[in-house]
Amino acid sequence: MRELAEKIEEWIRSHREEFVSDLISLVNIRSVSTPGEGGYAFGTGCKECADAFMELGERYGFLSENDDYYCASILLKGKGDGAVSAGELGILGHLDVVPEGEGWHYEPYQAIERDGYVIGRGSGDNKGGTLMSLYAMRCLRDLGYELNHTVRLIAGFNEESGMKDVVHYLAAHTPPKYTIVCDGGWAMCIGEKGIVTADLVLELPDDSLREICGGIASNAVPDKAFARVGPVEEAVLRKMKAENPGIEIERQGEDILICTQGKAAHAFMPHTGINAIYRLFDLLCGYPVISSAAASKINELRKCFPDDYGTGLGIDFEDQESGKTTCIGGMIRTVGRSVIQNINIRYAVTQDGETLLGNLGGRCEQAGIRVENTDHSGPRMTSPEEPVVKLLLDTYHEFMGRDYEPYVMGGGTHARVFPNALPYGPAEMGGPQPFGTAHGIDEAVNVDRLLKAIGVYVPALIRLDQFYGAVQ
2 MRELAEKIEE
12 WIRSHREEFV
22 SDLISLVNIR
32 SVSTPGEGGY
42 AFGTGCKECA
52 DAFMELGERY
62 GFLSENDDYY
72 CASILLKGKG
82 DGAVSAGELG
92 ILGHLDVVPE
102 GEGWHYEPYQ
112 AIERDGYVIG
122 RGSGDNKGGT
132 LMSLYAMRCL
142 RDLGYELNHT
152 VRLIAGFNEE
162 SGMKDVVHYL
172 AAHTPPKYTI
182 VCDGGWAMCI
192 GEKGIVTADL
202 VLELPDDSLR
212 EICGGIASNA
222 VPDKAFARVG
232 PVEEAVLRKM
242 KAENPGIEIE
252 RQGEDILICT
262 QGKAAHAFMP
272 HTGINAIYRL
282 FDLLCGYPVI
292 SSAAASKINE
302 LRKCFPDDYG
312 TGLGIDFEDQ
322 ESGKTTCIGG
332 MIRTVGRSVI
342 QNINIRYAVT
352 QDGETLLGNL
362 GGRCEQAGIR
372 VENTDHSGPR
382 MTSPEEPVVK
392 LLLDTYHEFM
402 GRDYEPYVMG
412 GGTHARVFPN
422 ALPYGPAEMG
432 GPQPFGTAHG
442 IDEAVNVDRL
452 LKAIGVYVPA
462 LIRLDQFYGA
472 VQ
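Residue numbering for the sequence shown is 2 to 473, as defined by my numbering.
Calculated from the structure, these hints are not laboratory results. Small disclaimer: the values here were computed from a predicted structure and weren't measured. Some hints could be false.
EDC-like mimics (lysine to aspartate or glutamate), calculated; alpha carbons at most 20 Å apart, straight line [to be verified]:
{"hint": "1", "residue 1": "K240", "residue 2": "D208"}
{"hint": "2", "residue 1": "K178", "residue 2": "E147"}
{"hint": "3", "residue 1": "K304", "residue 2": "E249"}
{"hint": "4", "residue 1": "K391", "residue 2": "E366"}
{"hint": "5", "residue 1": "K453", "residue 2": "E399"}
{"hint": "6", "residue 1": "K225", "residue 2": "D207"}
{"hint": "7", "residue 1": "K391", "residue 2": "E406"}
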């Protein structure tokens, strides 16, 4: 296989510039999933991105299929008539993105390449990985390898906010025999924590807290939050600002707008961020800017988040397989006198989900908080001893020359709901990151590290084709 590796490296070098151009063109489309907007499954931005993706596939000589703009597929047909009987192998990614938020040093939808990185929302999660997969299919074809199976690259448009894209796809299509999910880190994600989202609702006793708002997505640590409160003494505001550098205070008539800053991060790695909502809670409870009765209520909510691990909600847990359960307050808003705090929990794979929900409900009931709009997706685990898993791991070790082991993570991918599927790279674990990460400001992806994944995907597809041909 050394000869194959050298041919792939040469192919990558000759297509790098083209790849960067194509990636920038996809990143520049704001494809935030907005169900039904404009009459399309997930909005006009996702529709535009789906069209652009399919046009790329057709430009490079592949067939494309549109699944009602829930998903878009690019197909590399297998050999002759055998493709029908052999079936399909899959690659699954997504082209929807989380909202960009504020505080970027670069334009989120005017992507550029700088210092070897493409910077823009979705460059790493997951437009870079999905486009890399298309280029892997091009490389496979250009090098003259014909598979018995058809390779289907599926791009979804609702991965970040519900995964209704692949639910719709599976209702109408037979899934491939095996599917590589191009939305993880090397070497392979064999497990994902359970995910619970819910709204914690409390009622305020008066209108001294006029409004509170923060966060842009359930699955992101919020980097901005604000509260609008009633008249506040000037001396209190001066003291607050002096003791809390970085906050912003603005007068709006008799009301005061208090704004806090944090640091965005993915919900499954909350320790890498700073939650602006928690900072705002501390100000509302620590200074006489709202009534004591309202502050007492807000303090009950603040006590739910003493850390990032759910201890304040009675759901903390840790296991050897996946580490600690995490929990963030991702979004907050007011509706009348109701404060609605959305939470995002990533719970350990051996933790019992029903017990967790029971503990959550009991703790909130004691605090006078209602739990509403609960959504629960259980954990998944795959044995690293399964033959296909071992085949893919061996391929990674051989062609990357690295010894990354399979891992369990708190992130949620399409593999949660798609049968016979596992995340298989293409992100590098660790290493320097001079710009931002997924779901954060200045999100960026290293082009050369991403393109190296083609050198694993091509032989992996060849071996999967042989494996499933042999076991029939």
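Handout entry: Contradicted hints - numbers only
Key = 1, 3, 4, 6
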